[in-house]
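All chains, please: the whole structure from these sequences, using the hints.
Residue numbers (the working numbering), protein chains in the order written: chain X, 2 to 332; chain U, 2 to 332; chain R, 2 to 332; chain B, 2 to 332.
Certain hints may be false.
No distinction is drawn between identical chains; accordingly, a pair holds when it is met within one copy or between any pair of copies.
Derived pair list, reagent style EDC-like, types lysine to aspartate or glutamate, alpha-carbon separation capped at 20 Å [as the list claims (entries may be wrong)]:
| id | residue 1 | residue 2 |
| --- | --- | --- |
| 1 | K294 | D54 |
| 2 | K271 | E252 |
| 3 | K294 | E61 |
| 4 | K294 | E203 |
| 5 | K294 | D151 |
| 6 | K14 | D288 |
| 7 | K92 | D76 |
| 8 | K271 | E254 |
| 9 | K92 | D103 |
| 10 | K92 | D280 |
| 11 | K92 | E298 |
| 12 | K294 | D141 |
| 13 | K294 | D21 |
| 14 | K271 | D151 |
What the hints contain is simulated information worked out from the structure, not anything from laboratory work.
4 protein chains.
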Amino acid sequence: MRLALIGAGRIGKVHAQAIDAHPEVTLSAVADFHAPTAEALASQYGTRVLPPDAIFEDGEVDAILIASSTPTHADYLERAARAGKAVLCEKPIALDLARTRDALQVLVAHPVTCALGFNRRHDPQFAALKQSIAEGRIGDLETLSIISRDPAPPPAEYVGASGGLFRDMMIHDFDMARWLLDEPIVHVHAEGSCLIDPSIGEAGDIDTAMVTLVTASGRLCHINNSRRACYGYDQRIEAFGSAGMLQAQNETETRLRFTGEPGQVEETPKWFFLERYADAYRREISDFVGAWKQQREPLASASDGLEALRLAEAAECSLREGRRIALNDIH
Amino acid sequence: MRLALIGAGRIGKVHAQAIDAHPEVTLSAVADFHAPTAEALASQYGTRVLPPDAIFEDGEVDAILIASSTPTHADYLERAARAGKAVLCEKPIALDLARTRDALQVLVAHPVTCALGFNRRHDPQFAALKQSIAEGRIGDLETLSIISRDPAPPPAEYVGASGGLFRDMMIHDFDMARWLLDEPIVHVHAEGSCLIDPSIGEAGDIDTAMVTLVTASGRLCHINNSRRACYGYDQRIEAFGSAGMLQAQNETETRLRFTGEPGQVEETPKWFFLERYADAYRREISDFVGAWKQQREPLASASDGLEALRLAEAAECSLREGRRIALNDIH
Amino acid sequence: MRLALIGAGRIGKVHAQAIDAHPEVTLSAVADFHAPTAEALASQYGTRVLPPDAIFEDGEVDAILIASSTPTHADYLERAARAGKAVLCEKPIALDLARTRDALQVLVAHPVTCALGFNRRHDPQFAALKQSIAEGRIGDLETLSIISRDPAPPPAEYVGASGGLFRDMMIHDFDMARWLLDEPIVHVHAEGSCLIDPSIGEAGDIDTAMVTLVTASGRLCHINNSRRACYGYDQRIEAFGSAGMLQAQNETETRLRFTGEPGQVEETPKWFFLERYADAYRREISDFVGAWKQQREPLASASDGLEALRLAEAAECSLREGRRIALNDIH
Amino acid sequence: MRLALIGAGRIGKVHAQAIDAHPEVTLSAVADFHAPTAEALASQYGTRVLPPDAIFEDGEVDAILIASSTPTHADYLERAARAGKAVLCEKPIALDLARTRDALQVLVAHPVTCALGFNRRHDPQFAALKQSIAEGRIGDLETLSIISRDPAPPPAEYVGASGGLFRDMMIHDFDMARWLLDEPIVHVHAEGSCLIDPSIGEAGDIDTAMVTLVTASGRLCHINNSRRACYGYDQRIEAFGSAGMLQAQNETETRLRFTGEPGQVEETPKWFFLERYADAYRREISDFVGAWKQQREPLASASDGLEALRLAEAAECSLREGRRIALNDIH
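Here it is in structure tokens:
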């Protein structure tokens, strides 16, 4: 697969590395609105720089990875689909439901392989968790708890443009919840506070949140977010069922244990997503290539992006109005 | 302290053992509506049997431990107070707020040392957690998660008379939440399902619940209850703050680890409250004696019982009405 | 059982507490060469003080617990046997084989219930380990590793009179090894160094040691001793076999885990034997009473003391001569 | 670096993968006595097949990785040195000291960058352990315990040609011991048994061993080997010192934990060296390239191979003669 990358920033670089390591994928071009950024990355991997617009027409491009800024995602996604290119789009497609729905319509009209960048589905640990549940190891799943905390809060200016904690951060947890609960979610209740950085509150956002989801059969799910965990990236999931419990624990760089002055000490969790999800980004590329070759659905699709966004909308509505929201009311 | 015990059932026996082991307390009498039960326990510890009514007038009784059935608690508590006896009352005082408030009024009029049986406050592990938070080990407390799962559901007939999951089971977690959050709770939201035993649902109750509490300053608390954890009594607390996280993990009988066929295996958690909270029951007696001797408040008081019940009422109201409840509206 | 205690020092106090807590045992007298020490302990438990010599003739004494200084053990043991009293003797019977053998001869001539204070056999964790091995959980036992480290070295004057690390400290591990290996030991090799405190070396002893034992069938056992582990009492055993491995891990006061500045931190192990083996001392009394009532062998007998001492002698000889010792050569 | 690979078997394939993943190294040729094996590997990585003999003369080869059968190592190493090629040689250089010394002489006469395949030095976990000790985290190192168990015993025919457990398997642990103890070893004592597979004993070898090393300053080291751990590759190190203890624990594929029927279960350790040391093999290539470019010593050199072999010889002699061996007597 000849894969072109639009967006050579932090997440673009992560993808470039994963593409480079994949035996079946060639990084066929890099594009970025900021030309020097594109040039630096292209030169590192020995590939071409193209203007973003040229990517869609390029004959040597089979597929496009959209890692540019959020407001450009939906347009690029539609252009890729219309050009018949496979597309792996970073989440979110857009920050609002209407724009997201429009993009999905274009995909219906121009069906191409389209994967959405919910990287956590590709994490080996969460994948093993999903599989163990599917194999019945915990019997009937009854409750799910998802803890997701970033090591440090983003700058307030980022927060303002991010769409807010539910759309920007918890969106990953909503997707995990949907994927693991594996049945329709009917109710959403959210509570949130600004406890870490007052400037986040001034920007109209929260930095700490708890959300409860209820499924059609009565399964309950708790999501716990914080914008700052001083000890690193806290990424845990606990699935509880009739025959037991499965916990995906935090990963550490090594398994060294020190016993002495402060106690029995193991390392803090891996610092952030680059470290924690390095494998996931590699597997995401593999899944994308596999879906493209086999003409099958990728593990995370554009409609998964829409559904996660509906949950974020519901949570935001719940927080704003101080009441539980029926997901059916979110269109 | 000459301590008389009313109620010689399961929990009464636990208390009798703790009393017997305490160097400063004598079990001065045992009472139970079912005389043979009282006789068996009294004979085991070489003490007298008295009819329940006689306890309150007995000159050789300094204090009364009420471990009889729930509907008798409030009456006995009031009679003890009027008789000037110190009293340690099993939770709850009553299943409704009005009756509880009446009992508290009697205590105001007849001030005696009165402790409520929130045994978990006396658990060495949770006490250490509380102290670590107070010492600032995690900085400002921001979120709290309390997981509490019983090993097996009670019979449906018990459920019917229990007052429901929130009053009967989660009441302990509400008390833990109040104790650890250490500031007023303003909002309560509850979700609950009947996933384990349909007869519990038929009795009008739930067996699986998630509740969110919000404090005045915006701290968030999650409580997670299940009536059945096939692996034993799941009693964990996670406190998260600006400078770190503290987790009270489950305890096991030994620290043996087997590595072989199914993996690296440690024991399941201690099976139920008798095993898990044996130390807590002993320390509860110590605290009660200490409060009585020093004329100080015990660690858990009658008003703590009232406040925990208000949270249970709020949760039940939230579940019934499908909306978030302001605690101020619960009188 | 009316049990008299000779020796009211540190270990005597531990035993007095365990005796007091046992429902079937009465502390019928306390003796100590230092009368005020005996009086203090006797008064604490409301019992009599007797001169040591009077204990053996006392009609209200069924059994004697010898917790006096090591040089008195053998004499007291013999006098107890001759007086027909059951006896629980702190280890060692004596610091040399000849004196120990003499005492055993007296026990043959005057058979009484005689238990030796190898407290670790009564530790719930090591008992569970022993039972799991016996039940075949690890298949055929092949290798055993015993780690035993004290929190802090004793004063040099203690070391001089102690009989040396092998007789004073590793004696417990030799007993554990015999108990768990459960077949004749044929070879002993020892290495030792003085790395912690030069005054221990000046007193002719070592503070750090590694010993290898080989059994008749070729099982291998490693024992690892240090007189100082800055993090507390390090008491671990690893049993490895054809079907898996069992590890008895260190115990901690609570299961609290802190995650933050220095990492993921659990408590250091319990500080020393009083904390770590509190349960073991209680169970030791129970076993002693049970053996006396049922006229059976206690879990650790005088001949176990002899055999452990032979291993200590062999280790010392190995260290002195820089060669492997056949246990058959130790008489 | 244009690197040619001699030996396309199991370990050769591991190296080929690590070479392919390294941005600064090209796999410039593959050689194997069995031509189809070489062809398969060469075709997988798109490189040339050369006869082994041609490698040394080839102008497009900067360096040679020797992964052929053990008896060929010394010859190839010498030919590489004489041809001025850098060389990374799998351990051992030879199974006897004389042949190894000859090869080292050739390296003195023809100095090229020469690394030896002690892959464990490159393991991130053991490297972090080494660094922590060097930084003084445990104060003065006093004792070291190295546990190394293979998942399954090799076939008896392999054992016969392997040089025996000490040269074939424990050689890695001897190198770890030297590297971590960081001072001269003076004494070696070995015990060994055949407990797993009688055919190993018939081939004159052992399958279970314990070795004790003593350093010049009195540090003690225990090495524990088994040819079969039913639960996978058991690779642990414990370093104990005046200020604490460091333990390198086994690694698992994920950090999933199941709680239910058999207990609290984590995965068994990674199955064997391919899984456990995948990172180490990659870092080994990096170190080799770095040493070659910077004209510095690689992390493990040919003389490290000689010294580890001396320890193996001493252990074998100790086992054969049933006595402790002074390393000075091994020439």
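Hint check:
| no. | hint | in the structure |
| --- | --- | --- |
| 1 | K294 - D54 | neither (25 Å within a copy, 42 Å between copies) |
| 2 | K271 - E252 | both (6 Å within a copy, 15 Å between copies) |
| 3 | K294 - E61 | within (17 Å within a copy, 37 Å between copies) |
| 4 | K294 - E203 | neither (48 Å within a copy, 52 Å between copies) |
| 5 | K294 - D151 | neither (35 Å within a copy, 40 Å between copies) |
| 6 | K14 - D288 | within (19 Å within a copy, 25 Å between copies) |
| 7 | K92 - D76 | within (13 Å within a copy, 57 Å between copies) |
| 8 | K271 - E254 | both (6 Å within a copy, 16 Å between copies) |
| 9 | K92 - D103 | within (16 Å within a copy, 57 Å between copies) |
| 10 | K92 - D280 | within (18 Å within a copy, 31 Å between copies) |
| 11 | K92 - E298 | within (17 Å within a copy, 47 Å between copies) |
| 12 | K294 - D141 | neither (35 Å within a copy, 52 Å between copies) |
| 13 | K294 - D21 | within (18 Å within a copy, 24 Å between copies) |
| 14 | K271 - D151 | within (11 Å within a copy, 29 Å between copies) |
Comparing the model with each earlier hint shows violations of hints 1, 4, 5, 12; every other hint is respected.
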